[in-house]
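Participant: Each chain is listed here by its residues.
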Amino acid sequence: MDRGKVSVAAPYLPAPVAAPSSELLLDRLGAYWLALGVSDPDQVAALSEQALRRLPDLPETPGIDPVARVIVAAGDLLDDWLARALELPKPSPTLAAARAALLSGAAPDWPAALFAPPGEASILRDALRTAIAEPAPIPSPGAMPAQRIDLFSLLGPLLRLWRPETRA
Amino acid sequence: MTQPAQSPIMGHTLRRAAFFLLVLLTTLVAMGLMVSVFQTNGLSLMELILLLLYAILFSWICMSFWTAFMGFFVILTGRDRWAISRQTYPSSAPAASLPRTAILMPIYNEDSERVFAGLRAIHRSLADTGRLSDFDFFVLSDTRDPDVWVEEELRWQDMVRALDGKGRIFYRNRPENISRKSGNLEDFCIRWGGHYRYMIVLDADSIMKGETLVEMVRIMERHPQVALLQTPPVPINRISLFARILQFAGSLYGRMFTAGLNYWQLGESNYWGHNAILRVQPFLDHCGLPKLPGREPFGGDILSHDFVEAALLRRAGWEVWLAYDLEGSYEEIPPTLIDYAKRDRRWCQGNLQHLRLALSQGFNALSRLHFSMGVMSYLASPLWLLFLIATGVEAYFQTQQEPVYFFGQNWIPVWPVSFAVEMTTVLLVTLTMLFLPKILALTLLLKENRLRRAYGGMLNATLSVVLETVFSVLTAPVLMLFQTKFVLAILMRRAVGWPSQQRGDHETGFREAALTHGMQTLIGVVAGALSYQYVPAFFWWFIPVLLGLVLAIPVSMLSSSIALGRMSREWGLFLTPEETDPPAVLRYLEENLEEDEPVLPVLRAAPSSRFVQALTDPYVNALHLSLLPEREPPGKRRRHYLEGLIHQLEEEGPDSLSAAQKRDLIADPETLLRLHALFWSRSPAGVSSG
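In order, the protein sequences belong to chains A and B.
Per the numbering used here, numbering through the first sequence is continuous, rising by one, with the last residue being 170.
Per the numbering used here, numbering through the second sequence is continuous, rising by one, with the last residue being 732.
Calculated lysine-lysine pairs in the DSSO-like style (CA-CA distance at most 30 Å, straight line):
1) K527(B) x K480(B)
2) K92(A) x K678(B)
3) K333(B) x K527(B)
4) K527(B) x K384(B)
5) K92(A) x K208(B)
6) K384(B) x K480(B)
A partial selection of chain B residues facing chain A, derived with a Cβ cut-off under 8 Å:
7) G209
8) G236
9) L642
10) P643
11) L665
In short, the hints are calculated from the structure, not lab data.
Because the structure is a prediction, the values reported are computed rather than measured.
Glycine included, every Cβ here is placed at the ideal spot set by N, Cα and C.
With the rest of the complex left out, here is chain A (with noise of 0.2 Å):
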């Protein structure tokens, strides 16, 4: 082989990194958090404060690197609180599409209702409720059978004849 000819393009993706360092962790998780809506700087501190701490707990999933998990952590610490506040179990289906909600500007103020106290994120809450996506009404299931199309065939009456079960 001729490794002269081999390309060495850069990878469309820079590499992982194996050991990250916590600067680059909330670097990362800065740009997450603004990229989500959250640009108040204290704010932004303690949700990655939150996120970071998430990371022993939270389960191995291969081929996730550590840089990548600081934002499985940041999306599941915003599940979280978004599970309470519209008290859905999780997971449950109906949180991607609470997290769209969120997300889509129906709720602007809610990095803050975030930190306010349990019982003040109703207005909220009742908003995010309207926002949630209905792709589908409730299903309202019904059969459809195959019907029958006998084609015409010449050999048709001769197997008829010939097979007297199939004569009705």
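Starting from the known structure of chain A, arrange chain B on it as the hints suggest.
Facilitator: Chain B in isolation, oriented as in the chain A frame:
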């Protein structure tokens, strides 16, 4: 409104008997003339073939002609006591509330912006009627393209938010598009059909007025024996010259043809697949489509499901009607000749499949006729081609025969008999059958001032009909060759290799035109040279066909021109009522497309890839995740496959993945979340903007 008919069965039978008798008599007269020409020296094999082909083709033209003529009669007199929209029953007072009706829009990799702009226009038009709360909207996506899929989800959510449509406007994407469109609708019926008495099926480019939708439900309520009511969709909204000519023809001639179809088909009409309302329960009970035995093209999934569903409903004793006089039903058509042919290619296979169904047991006679008409829509082209070739060959043999003036001992010469009069009569009858409906449609404009003005006045409408006729003469041979090619390819089980249809306006370039029509032009040149050399008399008769083929490339290019389309509109040519005075629902559509200001910020910018956005943008990611159906975790093999794709994405980027691979990645919830975390952990360029 007229009173209910006393004895509709008798009346229906009379109408049908009159129609078929007229078709039969006209065909027999034309055949008689042909036979009188051929039989002087006894019928040769070639003449027998010609007669057979002519009989099939002429009866096909006759059916179309008498349908148009009956439609002309109905519109002219304004009398059609059995039109479904005019029948009332004493007990059927207008109900205060309507039963719940689902409006279904099955889509497949369509332009999402246009799809949702159309749905919003229909929604607004329904709101204008005050009956919005009686209808639910379903976007039934079979989309496979991952970028379009994510775009659809965002557009759906935007529409729900903008119109406060939670619990009324629904969206789902099928994990597998089993049995294509019919499977898509079946999936709806099985899951949610029980909630609704009626469903109105649209196409991706359908537009319907709110009041038309409400009236459709009311008609169904008045007629509990009706399972399906089809409205005639009028072609609209395209601006290329080709599309404007077709829109004009569809609008002016179409209403006459649909009135004629209803005149003799009545409650045994057909289903055209969209812009129709169906009673859900009979559809569930009787329209589950089986797979046909054998291989494609004649076996497998039933492709043109609409005809079959109508036939199955008729077989079960339900009525199927065409509400030809219900206005406010629209569709968009292909913008160029090539796109038109591509659509034909898709429809051709499904229609040819009906060959087997036409002779199946249990279907009603008219359902069999519908199947046969579907088959003939495409089979007519190869038959015409055969007829032309056979005529040319016969003409050549005729020129090779030396006339014999003296037979036996006769000393008085026997002069060859001229059949020019008979042949000219046959030709004139055929041409009359083809072109008279256009004149009849034009004549109808004299009756209604409002309509005449809507078509640009009598002079402009007449000029438009003349130009449309010239255009249809030029394009008919091209379509004949296209359809012949499709039929042959399907019969030989060969893929013709057309890419997917482009619905939006665009023009045909020289390269595309030359590649598509090059062979047709060559055929025209060679056939012209051969006929001129060997059968000069035939050549001159053959010129309209030859001209269409030789000019295929420039005609295809010029007719796709948007500038010429606009210019013809400025000159008042090919105007339609929908262009002259657009109904509110079409104005809403235009407004939605022009002033698109989405509620969702994420839709205000167009990213390079919605697929990447679904991985990177926390909102898009969460929304997409929330819309994924619940499914079993992937097995070991599947997990390894997805793992491989993740590595490929990490190393080579999204452009290295096929659309199907991208879809696989974002269809698995676990992989979707993992990739989201992966992107944010590695911080690639542009991650925050998606």
